[in-house]
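J.: Sequence:
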Amino acid sequence: MTPALVALVLAAALVWPPRGRAVPGPLRPGDDAPSPLLSQVADATDLLALSLVAGRGITEALDAVADVSDPAVALDLRRVGAALRWGREMRAAWSYASPGWAPVATALVVSSECGAPASEVLAGAAARIREGEARRLEAAAARAGVLLVVPLGLFFLPAFVAMAVVPMLLVLLGQSLR
721 MTPALVALVL
731 AAALVWPPRG
741 RAVPGPLRPG
751 DDAPSPLLSQ
761 VADATDLLAL
771 SLVAGRGITE
781 ALDAVADVSD
791 PAVALDLRRV
801 GAALRWGREM
811 RAAWSYASPG
821 WAPVATALVV
831 SSECGAPASE
841 VLAGAAARIR
851 EGEARRLEAA
861 AARAGVLLVV
871 PLGLFFLPAF
881 VAMAVVPMLL
891 VLLGQSLR
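Residue numbers (this note's numbering): 721 to 898.
Quick list of the computed label-pair ranges, beta carbon to beta carbon:
no.	residue 1	residue 2	range
1	A774	E853	18 to 28 angstroms
2	S832	V866	39 to 49 angstroms
3	E851	F880	34 to 44 angstroms
4	R808	R776	11 to 21 angstroms
5	V788	R808	21 to 31 angstroms
6	D790	L877	38 to 48 angstroms
Derived from the structure by calculation, the hints contain no laboratory data. Quick caveat, the model's predicted, so the values are computed rather than measured. Beta carbons are placed, not taken as given, at the ideal position from N, Cα and C, and that holds for glycine.
Let the hints inform the model, and build the full structure from the sequences given.
T.: Next comes the structure, spelled out in structure tokens:
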């Protein structure tokens, strides 16, 4: 190999673009972005429905609700509003929100595709979110009740046997041997 060819290969390696993406991908909620509580999502959905009933467009309603909401809710709503303003379809715009917004996204996509009033569909979505959260909390409470019995079985019952039953058996056994 000639020195000119080696120099050319080294120059090409230095100039060659890196393998990663030159343009960053779309913003998605990461691990550091707080995810809103489902009760907050349901409340924001009700506010969104009321804002639409008042005559605002979807992007204006998203901004208005984001202005009065918790920071986690506001972040998701602002992302969706920005995506809609940039011309993204409804389904694609809601992909920028946290997973808890899935019922709201589905409701608005169905509303936009079928022509149903968005406010009524959103009210139904808020009710479904609240019902699902109530079922989840009931299941968690039932599971907690079962988990509270575990210390009883592992610690208190053996301690009762060791402190009450065993001494009584020893006394009875001692009396029967006399």
